[in-house]
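Given the sequences, and given the hints that come with them, work out the whole structure.
The listed protein sequences derive, respectively, from chains A and B. Here my numbering = 1-based position in the first sequence + 726. Here my numbering = 1-based position in the second sequence + 726.
Heads up, some of the hints might be wrong.
Below, a sample of chain B positions facing chain A; criterion: calculated Cβ distance under 8 Å [stated by the list, open to error]:
#1 Asp827
#2 Phe829
#3 Thr831
#4 Val833
#5 Val834
#6 Thr835
#7 Glu836
#8 His863
#9 Met886
#10 Asp889
#11 Leu890
#12 Val948
What the hints contain is simulated information worked out from the structure, not anything from laboratory work. Beta carbons: idealized from backbone N, C-alpha and C, even for Gly.
Listed below, chain by chain, are the residues.
Number of protein chains: 2
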Amino acid sequence: MEILRTVREMQARAEQFRLSGKRIGVVPTMGALHEGHTSLLSLARTRSDVVILTIFVNPTQFGPNEDYRRYPRDFERDEKLAREAGVDSIFRPDVEEMYPDGFQTYVVTEEVAQTFEGKIRPTHFRGVATVVAKLFHIIRPHVAVFGQKDAQQLFIIRAMVRDLNFDIELLTAPIVRESDGLARSSRNVYLGELERLNASSLYRSLAGAGELIGKGERDLRVVRDSILATLAAASPTLIDYVAFVDPATFREIDSLRGGDVLILLAARFGTTRLIDNLLVPLR
Amino acid sequence: MEILRTVREMQARAEQFRLSGKRIGVVPTMGALHEGHTSLLSLARTRSDVVILTIFVNPTQFGPNEDYRRYPRDFERDEKLAREAGVDSIFRPDVEEMYPDGFQTYVVTEEVAQTFEGKIRPTHFRGVATVVAKLFHIIRPHVAVFGQKDAQQLFIIRAMVRDLNFDIELLTAPIVRESDGLARSSRNVYLGELERLNASSLYRSLAGAGELIGKGERDLRVVRDSILATLAAASPTLIDYVAFVDPATFREIDSLRGGDVLILLAARFGTTRLIDNLLVPLR
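Here's what the structure looks like:
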């Protein structure tokens, strides 16, 4: 396993891989790897000859009052996990390498970046789309793998790939959860003991909503109330949103009729903001 | 020479070229080809094995009250000129092929897109950067050729290529002029007979400014006054701007000291808006 730190090195290595007919798979991350990430690496492994892991805590996707500085960083542990997952190359650039002086070009996805996470974190998706476009140009992957946990991010990257004609196949891996249902996230380490217990209410409320709909409930107010009741019992500091969207458009729906529904949650426990989601099929 | 109309066909053909080791050169245009364009094609020819011409009147770079609908289109003539210039493939997509329903991703260059042309045409450079990014993904060129006439556009594409890590070499070709100095432009056909005569004042004023500076004039007000006097004598409908910028930053300079100066002009004759520029070396 090799570790590359400059754009030039990475671009040259990727071109070698391509010219020798190798299929390149990339898994973009901010490091602080957990089992969610390793599941993405395993999926990439099955669909490509070469697996490249990128580790970059991307400053442009953090707002001014967010956790950029204290975001967990542990490269030694990440390197070990990457080796175990069969990664071929780690691309781990510095901030100055990715955003040199005079940097001013961004990729913006206009409609969907205004809602939900985008409403609360106004420059977040601009930062995500920009860094992913850069990584795609640097690595030229055939396949890129993203987790379903960041559902809106996934939708935006899919829109970007389609709208800007990136010739890249996107693969999605399901959310990996702790035994009590909490979605794995690098930010879970911020949670105090009690907050950690309460945070499982995110999944419990989603699972309960899925069950209700499965049993035939079609009144969104009833489903929403059940989610809010489960969350409220776990004393969140704030519930940012509970939303029901059409997974094909990411637009909010106002009734449960036909198609699937994607339920989105964002809430804070203590000072830690967590998100989760569940896709519920409607028969 | 082949003519390709879909993204899928063009992307497949480009991948074939790449895998067979051919160096791809692209010249993006809106058609209505003139000698400026054919000079770009000749330059591309000298630096690549395969020359691809794109012809697409890009709606996203026109403002609502601009000339999108009446922009000159003459594909038969363009095809003939392309054949004579040794073009291998023309990529000529429909608007629906490039901007299908739901399109919402744009590339924006923040700082420099606010000034000069960007001030007068607020969404212009967003449209240019977006379509060029799309064409780069569809064609995957090794080399792309742009004219010096659209100096600010060239600066923005250069910023985009650098900021987003496109692995593409940009080449620039000098402005091709009519015998009286008027820069070749597809929009020159809009000019009435008298307007056409008066429009040569753009170049005459630039050439006069270059001479003044060459003779040692270092007072920008004197240079600006000389340009304005030459232009005013030709009865323009409006002078949009006369600007002196540092070609390395595209920021306006307030004194002539060291480095080169790029002089930018935009003015209207009748209803036709024309731009021109001159790079003046400072000894």
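Hints versus structure:
Taken as an interface hint, B:Asp827 does not check out: its beta carbon lies about 11 Å from the nearest beta carbon of chain A, beyond 8 Å. Checking B:Phe829 against chain A: minimum C-beta separation of about 5 Å stays under 8 Å; hint holds. Given the 8 Å rule on beta carbons, the hint for B:Thr831 holds: about 4 Å separates it from the nearest Cβ of chain A. Look at B:Val833: its Cβ gets to within about 6 Å of chain A, closer than 8 Å, so that hint holds up.
For B:Val834, the interface hint holds, since its Cβ comes within 8 Å of a Cβ in chain A; the closest pair sits about 5 Å apart. For B:Thr835, the shortest C-beta to C-beta distance to chain A is roughly 5 Å, which falls under 8 Å, so the interface hint holds. Interface hint at B:Glu836: satisfied, since its Cβ lies 5 Å from the closest Cβ of chain A, which is below the 8 Å cut-off. Checking B:His863 against chain A: minimum C-beta separation of about 4 Å stays under 8 Å; hint holds.
Look at B:Met886: its Cβ gets to within about 5 Å of chain A, closer than 8 Å, so that hint holds up. A hinted interface residue such as B:Asp889 counts as satisfied when its beta carbon comes closer than 8 Å to some beta carbon of chain A; here the least separation is about 4 Å, so the hint holds. Using the Cβ-Cβ criterion of 8 Å, the hint placing B:Leu890 at the interface with chain A is satisfied: the shortest such distance is roughly 6 Å. This hint is violated: B:Val948 has a C-beta 31 Å from the nearest C-beta of chain A, more than the 8 Å allowed.
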